[in-house]
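With chain S fixed as given, assemble chain D onto it according to the hints.
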Amino acid sequence: MNNPSLYKGILRPIVIRLLEENGRMYGFEITQKVKAITNGKVKITEGALYPLLHSLEAEGILEAEQEFVDNRMRKYYKLTSKGKKVSKHSFGEITEFVLHLQNIFNLKLA
Amino acid sequence: MLTDEQIDYLFKFCEKHYVYYYEVQLELVDHLANAIEAKMAEDKKLSFEDALDKVYKGFGTMGFAPIVAEKQLQVFKISKAAYWKFIKEQFGWPQVLSVLFFSTLLYYTISWNESAGAILLVGILFYGIASNLYHHIRLTRKVKKTGKKFALLNFSFHSNLGFLALYFLLQILSHLDEVHPLGYSIVVGFYIVLFVASDKVTNNIEEKLVTEYPDAFQVAS
Numbered sequence: 004m005n006n007p008s009l010y011k012g013i014l015r016p017i018v019i020r021l022l023e024e025n026g027r028m029y030g031f032e033i034t035q036k037v038k039a040i041t042n043g044k045v046k047i048t049e050g051a052l053y054p055l056l057h058s059l060e061a062e063g064i065l066e067a068e069q070e071f072v073d074n075r076m077r078k079y080y081k082l083t084s085k086g087k088k089v090s091k092h093s094f095g096e097i098t099e100f101v102l103h104l105q106n107i108f109n110l111k112l113a
Numbered sequence: 009m010l011t012d013e014q015i016d017y018l019f020k021f022c023e024k025h026y027v028y029y030y031e032v033q034l035e036l037v038d039h040l041a042n043a044i045e046a047k048m049a050e051d052k053k054l055s056f057e058d059a060l061d062k063v064y065k066g067f068g069t070m071g072f073a074p075i076v077a078e079k080q081l082q083v084f085k086i087s088k089a090a091y092w093k094f095i096k097e098q099f100g101w102p103q104v105l106s107v108l109f110f111s112t113l114l115y116y117t118i119s120w121n122e123s124a125g126a127i128l129l130v131g132i133l134f135y136g137i138a139s140n141l142y143h144h145i146r147l148t149r150k151v152k153k154t155g156k157k158f159a160l161l162n163f164s165f166h167s168n169l170g171f172l173a174l175y176f177l178l179q180i181l182s183h184l185d186e187v188h189p190l191g192y193s194i195v196v197g198f199y200i201v202l203f204v205a206s207d208k209v210t211n212n213i214e215e216k217l218v219t220e221y222p223d224a225f226q227v228a229s
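Sequence lines, in order, name chains S and D.
For the numbering used here, count along the first sequence from 1 and bump the result up by 3.
For the numbering used here, count along the second sequence from 1 and bump the result up by 8.
Keep in mind that the hints were calculated from the coordinates and are not lab data.
Every clue listed holds true.
Result set (DSSO-like, lysine-lysine): computed pairs, CA atoms no more than 27 angstroms apart in a straight line:
hint : chain 1 : residue 1 : chain 2 : residue 2
1    : S       : Lys87     : S       : Lys36
2    : D       : Lys62     : S       : Lys46
3    : S       : Lys78     : S       : Lys36
4    : D       : Lys157    : S       : Lys81
5    : D       : Lys150    : D       : Lys20
6    : D       : Lys93     : S       : Lys88
7    : S       : Lys78     : D       : Lys157
8    : S       : Lys78     : D       : Lys62
9    : D       : Lys88     : S       : Lys88
One chain only, chain S, in its complex shape:
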């Protein structure tokens, strides 16, 4: 990533969006998915991701389920019904945010 601080504020909607699209995911899978979608330009650090996942779980936006995979337990996260509502709202917020950025920086989308 060119400037990780640029993505700090939008990690939450990114995670929520990914979970909405993929149903359920585990931590490592989320980091890899973001890396793949952005061709390795955006890397989510573990130190930022797990506290966020735990915080979203405590807020009731995510729920977790555990499964024994290979020779270890894996914790999957998925959106709750509250999380699905939040997802719609955060998508609207991000769209608006991008629009403002375009206006501020006078950007034109290809």
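The following block gives chain D in isolation, referenced to the frame of chain S:
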């Protein structure tokens, strides 16, 4: 795929880096294992130890500390939310009626005979403490058998309010002559609500741990 011995090593690695809670260890071990497997697949010559070293560096200078700190905070929030949920449940009709029954009984007993009222008050007080202790000891023993530490148990919110209720009651007991019987009844009603909610939270924690970490509790049973 990593071997069982390597997975065990990762658990020890987490402990060595101050991650004592099983909830956090489980998730970190899976993450480390996935990342190590990916690194070793990319570079066939890379050893397990070197891959682990590289992966751990990815967590930054603070290592696992921010994850553990956030988990403790969230566990506290979760148990607090559960506590309030169970307190709210006490305001259903059957619960309100039973609290009113005990409060009224206490009010009339104190009005009739102060000593009899004091005995009833002490009885309710000790029943609450005994019930809280019984549930707490049962849970602690069950968890101890697993040989693991759980943040959900160590950072639980419920016992704080239980002690608050106990404090009020002890204050009343020490000023028995100065307080109106209605005052006892209200505080006792409050105390009953708190200790019943506290018991329910303890049971809820037990249920949550056993359901979410069956591997740990199966080994223990």
